[in-house]
Each structure stands twice: as structure tokens, then as C-alpha cells.
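Trainee: Okay, here's what each chain looks like letter by letter:
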Amino acid sequence: FLNCFRRQSDGYRTLSLSAHIGFDSLPDQLIKKSIKQGFCFNILCIGETGIGKSALINSLFNSNFEDPPSTHFLPSVQLAAQTYELQEGNVLLKLTIVNTVGFGDQMNNRNSYQPIVDYIDAQFEAYLQEELKIIRSLFSYHDTRIHVCLYFISPAGCSLKNLDLLTMRSLDSKVNIIPIIGKADSISKTELQEFKSKIMSELVSNGIQIYQFPTDDETVSEINTIMNGYLPFAVVGSTEKVKIGSKMVRARQYPWGIVEVEDESHCDTVKLRKMLCTNMEDLREKTHAQHYELYRRCRLEEMGFRDIGPENKPVSLQEAYEEKRLKFYLELQKKEKEIKRQFVQRVKEKAAMLKEAEPQVQTKFECLMLMHLEEELKLEEKKNVLEDEVAKFIEKKVLAELLQSQTSVSTP
Amino acid sequence: LPTRAGSSLEPEEHSMEPPAMPEEEEVPLTVAPGPAGCQLFGYVGIEAVLDQMKIKTMKTGFEFNIMVVGQSGLGKSTMVNTLFKSKVSRKSSQPSQEERVPKTVQLQSITHVIEEKGVKMKLTVTDTPGFGDQINNENCWDPIIKYINEQYERYLREEILITRKRKIPDTRVHGCVYFVPPTGHWLRPLDLEFMRRLSKIVNVVPVIAKADTLTLEERAEFKQRVRTGPEGLLECPMCPQPWLKHHVPQIQEDLKTHAISVYPQEDFDQDPEDRALNNRIREKIPFAVVGADQEHQVNGKRVLGRKTKWGIIEVENPAHCEFPLLRDLLIRSHLQDLKDITHNVHYESYRVRRLNESNRP
Chain A
1 FLNCFRRQSD GYRTLSLSAH IGFDSLPDQL IKKSIKQGFC FNILCIGETG
51 IGKSALINSL FNSNFEDPPS THFLPSVQLA AQTYELQEGN VLLKLTIVNT
101 VGFGDQMNNR NSYQPIVDYI DAQFEAYLQE ELKIIRSLFS YHDTRIHVCL
151 YFISPAGCSL KNLDLLTMRS LDSKVNIIPI IGKADSISKT ELQEFKSKIM
201 SELVSNGIQI YQFPTDDETV SEINTIMNGY LPFAVVGSTE KVKIGSKMVR
251 ARQYPWGIVE VEDESHCDTV KLRKMLCTNM EDLREKTHAQ HYELYRRCRL
301 EEMGFRDIGP ENKPVSLQEA YEEKRLKFYL ELQKKEKEIK RQFVQRVKEK
351 AAMLKEAEPQ VQTKFECLML MHLEEELKLE EKKNVLEDEV AKFIEKKVLA
401 ELLQSQTSVS TP
Chain B
1 LPTRAGSSLE PEEHSMEPPA MPEEEEVPLT VAPGPAGCQL FGYVGIEAVL
51 DQMKIKTMKT GFEFNIMVVG QSGLGKSTMV NTLFKSKVSR KSSQPSQEER
101 VPKTVQLQSI THVIEEKGVK MKLTVTDTPG FGDQINNENC WDPIIKYINE
151 QYERYLREEI LITRKRKIPD TRVHGCVYFV PPTGHWLRPL DLEFMRRLSK
201 IVNVVPVIAK ADTLTLEERA EFKQRVRTGP EGLLECPMCP QPWLKHHVPQ
251 IQEDLKTHAI SVYPQEDFDQ DPEDRALNNR IREKIPFAVV GADQEHQVNG
301 KRVLGRKTKW GIIEVENPAH CEFPLLRDLL IRSHLQDLKD ITHNVHYESY
351 RVRRLNESNR P
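Those protein sequence lines, which keep their order, are chains A and B.
Once you know that position 366 of the first sequence is 366 in UniProt numbering, the rest is easy, because the numbers rise by one and skip nothing.
Once you know that position 118 of the second sequence is 118 in UniProt numbering, the rest is easy, because the numbers rise by one and skip nothing.
Here chain B stands alone, though its shape is the one from the complex:
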């Protein structure tokens, strides 16, 4: 895992102690360096490299691929539209004859190019209609796993060519948003099984969908219930232990019990600063979200929200739902991190598995 640069010396490096300076010397313009740093006697201009990076990345643009998984009717398409404030997904709220639920899980990818303040992004959203909608949902995750692995395979094949492209097109799934129905009870076997399998190969971000059907208390209880399980001594379908045994304070612990490590994974925290930031996020997982693509008038302002008989649920209001947290995580703060984990961890482990396989029977 990448370690913090500058905090330790490798044996073959030679580092300078700051030399003694005579009184007439100018005071160096640098910030006090760490113990292993060299003292510069004046401004050199190395910082210019940051600007160059910025210019370069803005010129080449970014690619971002997300996948939304969940049963039909949980508001996946609306959520994506709300996230990217545009009609990314053309689903209508009343499915027509042709849009009935398919008999098997089918994956549909749509790609758009969006630009904001000079930053160009190629966004690909992969939808999974049919997931969890059948009577027998065993192995409904197989087409999804196959798709994710196919993207890794595509990248790998490009990477191992002798004459390869300057920029390998990246279709790998950077984040998989999993919609948990707001049953108010606990994670169902389907949820646990899916998340367990997929968190091994992709970043999984679980969200509680249509959270407007839960009151705030029910929401908190749901998150708590997932931690402690029901009152009855039911046996956990995933591991033969009575539910009550799962007396753990955090939902993360419950997922950990089933060896499910959702994004942001604890193992990949780079330094204490990172860990502190990610712990705050982990405390809130899964986010309770509401999606809306209509604007309404509230207090003289136009806001995105769902209008109900008993009020307008403002999507961007943190008191109403946790959508802003999801948006900030996916886009404003951790987008690059999602891509890095996908590239440095998930893709690498796929590559190891693949190269170790033998063709011979």
C-alpha cells in the first residue's frame, strides 16, 4: 500500500543535515522540512510541478464508471439522475409495456460526457434491471460479477500488449452502489450474499433506498438493528450463530462478521488523517438516501425534492436525508480514491488470479 513519503529513509538514500549558515545568509524561503529533508537556500520553483499536473489532467479528462444494483422500483435511475443533475438514465416512473422487468439480470451501460469548469468527465453508468426480482434469486449476482471481471480482462489485455496504447481506455467499474430496501429490519440474505461476493472484487457502497418511507427513528433503528439483530433467537443464515450473539456497536462490525468490507475499506486507509476522515464516513454507512428529479418551491428557493401530502422532502437537506453525504463521497472527495483502489487493489488481485491460472487441464 502506498506509504507516506518523506517520513522514512531508505538505506541507500543520502540525506543532508542542514548546514550551519553564517549570519549574512538569507533566510531560506522554504517551510521547515521534515527531519530527512534538505534545506534549500532559496526558491527553486519545484512547486510548478503541481500546476503542470493540473493542466495535464484537465487536458486528458477523467473516466468514471459506476454501477447501480438493486431491485426494481428502489429508485436507482432517479438516484443517478439526482447525483449528476441530469437525465443520465432515461427511465420513466411508469414502466411501459416494453420496460417490464426482464426474466434474467441484464446489464445496460450508458456513457455520457460531462464538463464542469473545464474538467471533462466521461461517465458510464451501468444499470442492472432484473436483479433480485425473480422468484428464485440464487446466483443473480453472476452476470454482474461476470461483467466486472470482463472489464478487468479488457484492461489486462491492453496492458500486456507489446505495442500498447498511450492511454488505456478504462471501463472498469470504480464503484458499485448497492440499494438496500428500506424494510426497517436487517440486511437480507440476498443483500449479505451479494455484498460479500462483490466487495471482494469491487468497491461496494451500500445505501438505504427510498429512505423517505422511514422516519428518523426508524432509520436509526434500522442501522442499529443491522448491528444487533432481532430479539428472537433466530439463527443467522450466513453463519450458524444465534443473532443475539452479534452484539456489536457498529454496522461495520456486522458486515465484518460476514467478512464484508465495503467502501471505504479500513485496510486501505493510508495515514491517520485518512483514517479519521474515513471513520467518520464509516459511522454513517449505509447512507439513507432519497432521490428526486423535480424541483419545488420551498421558502422562496427552488430545491430538488419529493412532494408528498405531508410535506416536501428536500434531497439536498442533510436533515431530511443523507444524499449529500453520498454525493460528496462519490464525487467531491473520494472519486479519485475510488479509482485508485480499483486500479491498485481490485485490478491487481484480478491480474494475479488470471496470471496464475493454467490453461492446461
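So that you can see chain A by itself, here it is in the shape it has in the complex:
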């Protein structure tokens, strides 16, 4: 054969193959397995009540997910997750939509973002717990971590609200944020461009990291760069269809015209859909390799694990686990001792109480005994008196009967 060796930068020789071996089928083998397993994608929608979150999701995925409208009067922000299974061709997608219910509705919205942060962290935590288990099953784990956050900006007003800035700032290191302008059909074209620029400059000046579509791969870098320039996407969603020409299309019908959801000159909904679909893998990867790793690192350090020990030597997980186990065990021992001590204390106190009470109870008892004796004597007396009376009565009765019999005898 022909073989030539070339030294590569990482020190491994590159071999030239003289004939077809067949491992070029590897990506297909991998894809086949992934198709069998199915794909998971979790979207978090943050926005005020009524800004069109459900309508947009329905429009994006061309379906009719049930989601009843909520009121404005919830006491705090709640997160509601729903999972749907979508099939397109070979691809089975487990899509989870998490909605923020009641966001921005409270009088004091200061802590509106906290439940959201807690939810995102909880999903990371669940994954981390599974990963740390001794016997674990990561490949069949249903991934609930949020892969993308669609942040709905209200079309009213001319810039970002304080709540928006606060929320996005607390989330940008935990999740991929794609800002979108909801109900964009209420903004005119000229106002829209100004609005978009204002929002982007505010995000930059506030140091908020939003998700940028990746531009490092040549096949997608051009389209992604263009799309990055359209951010934030101005979207319109609709659950209703209107007849235009001979087709039924998703649209919103106004007295002055019809806004078509799927028309790119009307709104950016189709762009958002395209970007979500063509960058799904990148969103998932960033969530896992960047946001999750950051969470994991902080959490492990919180729990007391270190990579480098006190003498600057690497610490093995074995030792870390041992240390933790020892610490935990010592704590348990301490607790046990404390509980024992408390128990002994209580028993002593109770015993002392009882001891005190003893002589009192004794006197009471004796008192009662005496009372009983007196009663008994009284009753004895009464009984004797009664018996005397009974005896007397019987005597009287006998006498009376005798007299009666004598009288009856004497009268023939």
C-alpha cells in the first residue's frame, strides 16, 4: 500500500488510507442512535400576562397546545411546565414549555425573578444529583434543564423596563436568553427599528449577555450573522386562522387589515422558528457545557469539594468523599449525644417533679383514707339504727297480727 507519515501538531501520526474502510458511516451510526432515543428541548417563556406567550408557541410549532389564559391577580410568580411530544419525519421531539404565570402582575415586582432563578437552578440541581449518584442512569435521564429562554419585551413604551433589566441580569449566566418583542403588530415599521436599536444598546450598556447565534461554522455563519442583526425578534402569534385567497393561514384579523404570522415582511416569527430549529443542538450544548458546568462548579465548591487540597496537591474525589463522610458521621455522633443528653435531662426533671409530688400525694391519700373511714363508721351507725327500726317494726307487725287473730277468733 501507500503509507506516509506526517507529524501532526498534537504529536500523532496521520495515516493515509489506501482504500475505503467504512468508518465514514460513524456520524450516521450516531444519528441513528439519537433518533431512537429521541430529542429533548425545553423552552422557558418569560413575559407579562397577556403578552402573547401561548399564541407564539402555538405559531412557532404550528400546533394547538392547550393553555387556558390566566388572571392578573396571582399573589406571586409561578412556573407551569407542560411537556408535549412532537414528531416530524424521523425526529421525535419531547418539547417542554415552561410558562411564567403572573410575571409582572404584582404591585411590588421586586422579587418576580426569584422563582424563575430558583426553577432553573432546581433543574440543574436535579441533573447534578443524578450525576453524583453512585448508581446512575444518565443516558435515560429526562433532561429538564432549560435550553432557551424567550424573554418577551412589551411593545408599549420605548425602552426596556427596569423589571426586564433586573430579570435578565439575574438570568444571563444561567440560561440562553433570546429577547423578543411580543405583540409586535402594534408597532409601526419605523418605530420598530428604533425600538430594536434602543433595546440592544440598553442590553449592552447594562452588561447583559444574550444568546448569540454561533458564527464559527461556515455553513451557518452567514445566516446566523444576519439573524443576530435582527435581534430582538419582533413576533406576532396567533391561534386563529384566516382565509386568504384559497388557504387558511395563521393570522390576526383587524378591521384595517390582516397580519400574517408566517409572512416575514409582517413579523419575525418565522425567523425565530428557523433559528430555534437550526440552532437547537447548539442551544442544548451551551446549556450543558457552559451554564450547567458553571452551576456545578459553584455548587460543588459550596458543598466543600476542592480540586486542590491545602498543600496544593490534587484532591481525589475518594478523599473528598471520605472527608465528607467523616464529617457527617461526627456530626451525627454529636447530634446523638446531644439528644441523649437532653433525654436524660428531661427524665431527671420528671423524676424530680414526681419525687416532690410524692409526699403531697401521700398526705392526700391518707386524708382520703380517713374520710372514708369516717364515712364507713357513719354508715355503720346508720345501718345499726335502721336495723333497730326494722326489728321494732317487725315486733309491731307481729303484735298487730296477733291482735287481729284474737279479734277474729272472739267473733264467731
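Hints are supplied without guarantee of correctness; some may be wrong.
[As the list claims (entries may be wrong)] Calculated pairs, DSS-like style, for lysine-lysine (alpha carbon to alpha carbon, straight line, at most 30 angstroms):
1) Lys167/B <-> Lys324/A
2) Lys32/A <-> Lys117/B
3) Lys286/A <-> Lys36/A
4) Lys274/A <-> Lys59/B
5) Lys274/A <-> Lys32/A
I should point out that these hints are in silico values taken from the structure, not numbers from a laboratory.
Based on the hints, put chain B in the right spot on chain A.
Mentor: Relative to chain A, chain B alone:
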């Protein structure tokens, strides 16, 4: 084990029934989904995720590590060269003074980068000279087991770091090809013992080496003999039962008797389709292979083969030897599966063992 997605609903999931559609509605463009699927009213573009995966994997490349085990002279190096159609292993057919058989089992790993149609693969082949060559071969598998476990340990240490690499380098052995000498009789105690121990920690693919010394009948008999054992009432060295008792139709059963589960393991078949495919492979195990690194002219074509006085044995001809089956299994169809089983099963059980160990005496 991963189950087939889409065939069952978890309790907390909410699934849609396809809603009733008015007549003017467009016919949805999707393939009929399973009972739990949602109906899409039009094309969304979710399929794009498959292309993204392909691009991503082609960019990052693949790693594949195989180990070849067997006595010297069984043609291991030639086999590897034939598999990867290049001089992966630089063994010569006449061992020189320096290349004499070592006194103990030594492991040598060579790494190459190969590329085919844009797919880059980092291939590491670990050879085991000295295996089974000593007079007393007891425990000759220990250095091999130690090496395999060392790779798992390396991966584990990377995985449990707090600040860990984006891509953990994978040196774990994905497949161990075990060369059985073509004695024509049955698996020797060394073969059984080795395969028994190693199939617990790594994917073992047994092959009958230098199968050109067996005629087709002898080959079939060998595979059969391994199933039923010799005619004499010899006692099986592995379990105190007379050989004749092993009247089982499949070689797999014989290996099963000794609790040896070679690749593809039955336990990890994912669905009926998988099982059917793997059963066909299991019927042929072990593959009878011939290795060759020279090309010859046959019927006007250049083929890889061994030239003997009585003919040219064509390596790629399924009528001559089962090398194509081995190549297809290892590379064309089950390469990803070998890696997945290594990662999801063998590595996980190593991790469980390791984390359960206590340092305290």
C-alpha cells in the same frame, strides 16, 4: 438501559389528541405519529437538528480504542493492518532479535489519526505481546485488566473534577479482539478464563485466527465442537460437569454456561430490531478470520489476500473467510455501539465499584 422513546408516556407528560380539523385545513405534512404524538399543522423544521448533530460530530471527530489479545504468531498485527488498510502496526513477519517474545505481558499502544470523507478518527491500537506465550500462563491477564481499569480511572478522575474539560479525552478500550488459535478442538482453559474475566469489564470480540488452516468443514466443526465438547467424558475444567452435558446448539450457550457474555451482549439489545440484527451476528461468533497485507491479482482485479501454493485466499471474500463480517461489525455498523456500551455499562460499573470502595482499612 435506554428504552425506545415515544412508545410510552410518563405520568407527568401531557399529550395532545389530534384535534378535529375542518375541511378547508391543509393536510399536515408530517408522517403519521405514534399514539402519543402531537399533530403538527405544517412543516416546522425540527429535522434540522439531525444535520446539526452531523456537523458537530464531524467537527469534533471520533476516538476509537481497540485492543488485540492473543498468542504471538496468530496474526494480530496483520489483522489490524488489514482492518484499517494501512500500516498501523509496524510488526514484520520475521521477528528480529530485538522483537523476541517478552518474558511478561507488555502492552504497547500506538495512536494514529485517520480521515475518511471528512470524518476524522483518532485510532489507538493496544497490542499485548507476551500474552499466553509463557510456560506458566496463570494470571497473564492481570496486566491487561490493570491497563483497562487504568483507562477507566483516568476518565473518572477527569469527570469528577470541579473544573473539568469540555471534552474529556477518551482512552478507554472500546473493544478487545481476542484471537483464538485454530486448533480445531474447543476453547482452551486459557481462552475461557481470559474471556470470562474480561467480558465483565470490556467488550470482548472473539475471533478464530489464521482460519485459513482450517477447511470449511473443520471450521464448522470447530464452532460446533465448542458447543458440544469432545466425545470422551472429559471433565470440563471450568465447572465440574462432564463435557457431554454441554449439549447446547449455540456457541453462545457454551460461553453462557461459563457466564461469558461476549459482544454483542444479549442484555443490551435495545429493541426487537436490534435483537434480530444482533442475533444474526451472534450466530456466527466467533468469526473465522484471515489477515493479509499484500495485494494480488485475481481475475483481473487486485485483491488483498494470502498467496499459498494451492491458491490465493481472498480476505474480503465472504466465501473464503469471515473478515468482512468482523470489519463490518467493528467499524461499519457497531462502532458507535461499542463506544456506547463501554461508556454506559462498563465504565459505569467501574465507577460504582470505585466509589463504593473505602480507603479506611
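Trainee: Would you mind marking each hint as holding or not holding in the structure?
Mentor: Verification of the hints:
The straight-line distance between the Cα atoms of Lys167/B and Lys324/A is roughly 28 angstroms, inside the 30 angstroms bound, and the hint therefore holds. Note on Lys32/A and Lys117/B: the hinted pairing holds, with a Cα-Cα distance of about 19 angstroms set against a maximum of 30 angstroms. Taking the CA atoms of Lys286/A and Lys36/A, the gap is about 23 angstroms. The hint holds against a cut of 30 angstroms. A distance of roughly 22 angstroms separates the Cα atoms of Lys274/A and Lys59/B; the hinted pair therefore holds under the 30 angstroms criterion.
Taking the CA atoms of Lys274/A and Lys32/A, the gap is about 23 angstroms. The hint holds against a cut of 30 angstroms.
Checked against the numbered hints above, the structure breaks none of them.
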